[in-house]
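Residue numbers (the numbering used here), protein chains in the order written: chain A, 921 to 1267; chain B, 240 to 744; chain C, 146 to 445; chain D, 18 to 293; chain E, 12 to 262.
None of these hints come from the bench; they were simulated from the model.
Model, not experiment: these values are computed from the prediction.
Heads up, some of the hints might be wrong.
Unchecked claim - Cut-off 25 Å, straight-line C-alpha distance, at most; resulting in silico cross-link-like pairs (DMTMM-like, lysine to aspartate or glutamate):
#1 C:K160 <-> E:D83
#2 C:K160 <-> E:D137
#3 E:K191 <-> D:E276
#4 D:K164 <-> A:D1256
#5 A:K985 <-> B:D254
#6 A:K985 <-> B:D657
Chain by chain, the residues run as shown.
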Amino acid sequence: MPADAPVSKRLQRSAGSIGGFVVVTLLTFIGLLAITFFIGRVVPIDPVLSVVGDRATQEQYDAAKIALGLDRPLVMQFFSYVGDVFQGDLGRSISTNRDVAADLTRVFPATLEMATLGIIIGVGLGVPLGVYAAARQGSWVDQIIRVFALLGYSVPAFWLGLVGLAVFYAGLGWVSGPGRVDIFYEGLVPARTGLMLVDAALAGDWDVFWNALDHLGLPAAILGFFSLAYIARMTRSFMLDQLGQEYVTTARVKGVPEWRVIWGHAFRPIRVPLITVIGLSYAALLEGSVMIETVFSWPGIGNYLTVALLNADMNAVLGATLVIGAVFILINKLSDVLYRVLDPRSR
Amino acid sequence: ETPDDVLVVAQNIDDIVAIDPAQAYEFTSGELVTNLYDRLVQYDAEDTTTLAAGLASDWTADDEAKTITFTLRDGATFASGNEVTAEDVVYSFGRVIKLNLTPAFILAQLGWTAENVDDMVTADGNTVTVKYEGDFSSNFVLNVLASRPASIVDSKLVMEHEVDGDMGNAWLNENAAGSGPFKLDSYSPAQMVRMSANESYFNGAPEIDSVIIRHVAEAATQQLLLEQGDIDLARNLTPDQIASLDSEEIKVETFPQAAVHFLSFNQKTESLTDPAVWEAARYLVDYTGMTDTIINGQMEVHQAFWPKGFPGSYDETPFSYDPEKAKEILDEAGIETPITVSLDVINAAPFTDMAQSLQASFADAGINFEILPGTGAQVITKYRERTHQAMLLYWGPDFMDPHSNAKAFAYNSDNSDDSYAATTTWRNAWAVPEDMNEETMAALAEADAETRLEMYQDLQKKVQENSPIVIMFQAAYQVAMADNVEGYVNGATSDFVYYRLVDKQ
Amino acid sequence: MTTRQWLLADSPSSKLQANLGRGYRMMHALLRNPLAVVGMVILLVLIFAAAFAPWIAPYSPIGQNLGERLLPPSFEHWMGTDELGRDIFSRVVYGARITLMIVALVAVISAPMGLLIGAIAGYFGGWTDRILMGVTDVFLSMPKLILALAFVAALGPGIENAIIAIAITAWPAYARIARAETMTFRNSEFISAMRLLGASHARIITGHVLPLCTSSMIVRVTLDMAGIILTAAGLGFLGLGAQPPLPEWGAMISRGRTFILDQWWVATMPGFAIILVSLGFCFLGDGLRDVLDPKQGGKS
Amino acid sequence: MTLLSVENLRVSFPTPSGPVEVVKGLSFDLGRERLGIVGESGSGKSMTGRAILRLIRSPGHQIADKMEFDGIDLQNRSERQMRQLRGARISMVMQDPKFSLNPVMTIGAQIAEALRVHEKLPRRAVRARVLEMLEAVRINDPERVMKLYPHEVSGGMGQRVMIAMMLIPQPDLLIADEPTSALDVSVQAQVLDLIDELVREKGMGLILISHDLNLVARYCDRIMVMNAGRVVETCAADDLHKAQHPYTQGLLAAVPRMEETRDELPVLDRSQWSGT
Amino acid sequence: MTAISLRNVDISYGDTKIVHGATFDVAEGESFALVGESGSGKSTILKAIAGLAPEWTGDIDVLGQSRGHGVDYRFASRCQMVFQDPYGSLHPRKTVDSVLTEPLKIHGIGNRDTRVKDILNAVGLDQRFRFRFPHQLSGGQRQRVAIARALILEPRVMLLDEPTSALDVSVQAEILNLLKRLRAEQGLTYLMVTHNLPVVGFMCERMAIMNKGRIVEIAPSTALHDGSFGDPYSQSLYAASGGNPDLKEIV
Ligand SMILES: Nc1ncnc2c1ncn2[C@@H]1O[C@H](COP(=O)(O)OP(=O)(O)OP(=O)(O)O)[C@@H](O)[C@H]1O
Ligand SMILES: Nc1ncnc2c1ncn2[C@@H]1O[C@H](COP(=O)(O)OP(=O)(O)OP(=O)(O)O)[C@@H](O)[C@H]1O
Ligand SMILES: [Mg+2]
Ligand SMILES: [Mg+2]
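All chains should be modelled from the sequences, with the hints used to inform the complete structure.
Given below as structure tokens:
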């Protein structure tokens, strides 16, 4: 947009785009809900049975079915669900008997904490490795990094988790075992954010902090390995792309030192696509840690969602899907914003 | 290492839906209720097979008048400090019936309804009078009153937390209001349960200060934790893990269970209706092959519906793996093989292994199973709708009276689609012969304890000989624990798991 | 003239020769890429194992022998036996068939689906694009494994349903790629030229847009195969993949995981199989990218 | 006095059908003068320029019997030593500004960098020099342009920025590869005049690469005509129209003229030379 | 008869109007040039005529028929276009042969083999190029293929968008000669965009000079001989393009 366009017009346009964004996001959400909802209803699991158990009488069964509102037509159920969601009511979970919102504030931070540390590890190692491999394209270092990264694509997470536990916890005793903290530290610090590290730091309880970090280390490292694989690989490929560009030669013509050519010139433009890649793998870690959560007894959202799904606990499934979807959309939008900040061409 | 005064248990607790005794119906919630609440009469940790005095110090039964009068114990208090009163008992029973949640049917057998329960259960000073309707003996009634939903809750405390007329249901699903040996400190679903000792428990304070039950879904993880000494007790190890535990510091205890495992044929499946098929099936199960290997220590061969070790059990095991004989039976009856049917099974060890073993041994006689693994909820859904063909499942009694199982395995008065009954018979669409239906009802009404048990044995024999339900095993429960843990008691069902006597030297 | 010369001819004399020549050049380039060769060898072994399973496997994949359960790897049982006494090596060999089927079917279902949707969205732009991408985003923002789980639960157990479920979850990523790629040349002059020649939209999409997206799609699909195998394994792990006693690798790991501490081979052998095949696909995909998609991979 | 002396320079690239030489034994000497290199597309002009800076990219390979700049043997210098030369003493205006400027760095920063890697100067001084340089290449409002990103300037501006960037460290030898192809005819003249001025005043050597014969003829002292990696002819600029070689003549004749009257333009008879 | 006639044509992309009131006629058999600075809207006019820039108002007639706003199937065999960039106008995965047969297939024309051979001859490409892929062709050869593709449907009007600006002088000469010869042989009408005035002098009879989206002047190409332009912009363009006595003597 030309800088001298009338202010009112610019405002109008950005308002339009914000409005458009809200509408699109809203529609995406509703689509998300609709699909989850209808899948949930065709799953051949009877949610009523999850509530009343298999020995209930027909009367109890019918009463529960009405109480759950499952006697109404599907479309009606869906609309009343969406209506409730817009009023901030995610409903009650069948499998925990609590409000889904309350459950989510309990389980989501656990996953968030693990995934965040995972992505930090993934980015912290993946980006330099990728850049280094690209700078040394074709050398044996490059080959090793490539194979290492591809391994991250190929190893089943749960397998690695179990092996990791067996080796580092049981065998070597380097890390604490499953769970978020040692059982005796559990509940010592008030849950302000739900993130154990943050809560412990806020409470100034460093024993809990170090213990939590000790527990977090292995699962986060494993998640980190998976995101590292993807990030290193994409970084390498982006870097190769850039290193093949003319402007890199221009920088060399100027006599710029090699490390500066790589980090100061070639790396800059790839920050933007990298952010998208990182955002996506962060989202993937958030949603994809079910297996790791299972293995590490991590009370996270992946586990919650799986258990809910297998019990046809639709409110919980929908609530969790909504949260994950929201995170996904949020991360997407955030990387869009960063994109705009970092890439002058997109302004 | 765990501290001396705390017992740390690793267990899969994500089955818990509710911990309110009026709603709790899952295995794990049953354990919690047992440790957090008391009943008028109860099976206790010292001897899980005899009915003992609970909150009632004594009682008198009048079979003629169908009445039992209980006298409450002196000085029993709830964890809140409130005294246990007769009003609490009346409230608790009425609450179960009025809320009418899943386990309500157990009490409802006594002829109680939301309308009449206030008349059927009445308080007078420190006595409670319980009336019942129906043709059964007071022994049966006492067993019912020893069951989980008959737990006594602290009515004052509960009423304080009532919302929208839920009789405190929502609150009781996050808290406890009982008089049991432990009080609930915190419960977070699929994460952990903390209980601490009730120092003023009428039967003596527990040896240990607190119990922490931690949710660990993976068996391998439980094993790791136990071997590392980070937990004291692992509740969900598999037989093979147990067999391979070789640490000096770990011991294993085995507890026989009341649950029976069976293979059943839905009679809506044409090819499974011939009694010859039922009979042949009994020779096609590799009973000992399984108990020696995949379910070693976890199950033992038992072929009747009431478990061994309980009054009225029938311990004969006339059938063994004999494919030749099975083929003969099928040939004689002119059954055309191969028969191909689906076999639904819960998707977890050891059930899928058992299903595969059945698949292999039945294939010998031309009965081919297509295994359909599913989650518990999925399998149950199908079972209730009677859309399965063959089913591998188990059944645990709701309360420790043979009637609980007789009704499930030998009684089906109306096999029509719209008269649902949560019994093995109805759900397999097996129209039980009329004489068996009658015998089941007669046994229930029989006053003489000895005769009554004989009648149940006869019923078991009949079901064993001729029914589409092949009862194969009785469960046992193996618990691995640190060497210094003493006094863990695990009765025949999850209602009989007691932490009260646990001590760590 | 040797075949090689014929293939490499500068001026081919027929369409066939031109296309074969192009294929040959790519093959040649691929063969000079060590990782790609390793990948191809692994995949050939997989295909070979699948095709000749009955001849390779020393035992039946489902034959139980409860007396020989949980034996460690030995000369008789190269990879040991599992909890029902079945030979793990034989199961792994037969499992190659299932893996191959999963991989092939998913590739056949979801890649073309994503390709078509992405190409249509990118080519037409505007509302078509917005709607199609909206749907894609919805699917994309759903947790993949959960979506697959839900579909499997809805469709019932069985490997076919698992495959369909995975395919349903896999297409949106391809649609995104195809769209992005289509956008880069939807305004290009060769597309304009086709329009001016009177070609219909359908013809342009199928004849001109799709062929250009396929190479990056092939690369992407090959790389994703690892992920697809792992998703299938994950379904197996959560108990919703293949029905027992099918020797699906993920289900094998899942069942073996309780033994991981004491009978490590039960879960580890199929685990190695998964890693190996996934790596094979990754290597091949990486190599293909260098060959088919030079703009991404630098000029190695 | 010779500034640069090249003997038998060869640049080759590996291809599936064996290595291909794109510069085939080039030799020339350059004093503090203006040398024009012309030739059709792909004749190896740019590769020659890069080879002098030892910047042939990795699968490519360069060798020469001799390559000497101001008494320094370029061939045997380490990469580090080359870096000190690049920019400071020899620099090169890259052919395509659209791709040769870093898309995410401001123009000011890119020009300043060229100065900073070789000279330690306070921030202010750098800035002043950059502004000065931008003005010198006839950019209006250099203050604003400094803050722009390459995509925000036109192709012509980009080329001038490129020239500014390469001139700012005041090299002894400037290789200018098609420095004005994107410029409007009028600006073109101004920019080339600027370069010309530097050559005259500071005694800078210039290699001007272009395929515009008219332009080279006008701004250079000597012209080297390349075809398929080889020099076909070298002549004084003034004598271009008297060029002997049929290739040069062909190139000259193929340009349509303003007052064109020919019915057909004469075309090069490529069969006379090997190559494309 | 006029081959192309524009009356008051305004063309816009979205909100911005690019071309303002373009009006000119091209007679049948004539070669007409559109010249002007980069970005003045020359290509846009060609696109509008072809139907690739659908947002325009006014009247456009081609061979006596008024044009609709989109691409149209029948129009294809009357009028074709050659694009500026020989590297972007050929599908990278199609051989020359399939590029040339496809239009015939679209229009259900038989005898494809001979037609392809003939057209390759006509544009001066050897038959051995027939099964090559674009990356195996030089820029000039690609442009020949593009011209062949445009001609294979035997149109009567050709729109040429800077057909030689991406090519170097020697190749440019070949393409210009080819275009000139084809026009003579087949009686084609050309509307050609360029910014190179000498090319106009070689190829065209008349030209329209554009500046900032407007046609400032329509002049015969003989004006290039003496610089007799009326509009000041035309004159400056002429001067800058080497219509400048100082430069002439060099060549
Ligand atoms: N990486 C490469 N691999 C193979 N050949 C290459 C490579 N880079 C350049 N070439 C070839 O080198 C030759 C010379 O290229 P160069 O860029 O020097 O030409 P030029 O004379 O500058 O042409 P132009 O006028 O188009 O810029 C060309 O034929 C080109 O195809
Ligand atoms: N698709 C488009 N969307 C918006 N604006 C466009 C589009 N295509 C061209 N323009 C704008 O229209 C104007 C005229 O463009 P056009 O391509 O017609 O110029 P031209 O005279 O052909 O220039 P050149 O000689 O560079 O090809 C330019 O300012 C350009 O930025
Ligand atoms: Mg060049
Ligand atoms: Mg144009």
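Results for each hint:
| no. | hint | result |
| --- | --- | --- |
| 1 | C:K160 <-> E:D83 | violated (30 Å) |
| 2 | C:K160 <-> E:D137 | holds (16 Å) |
| 3 | E:K191 <-> D:E276 | holds (17 Å) |
| 4 | D:K164 <-> A:D1256 | holds (23 Å) |
| 5 | A:K985 <-> B:D254 | holds (20 Å) |
| 6 | A:K985 <-> B:D657 | holds (16 Å) |
Hint violations for this structure: number 1 only, all remaining hints satisfied.
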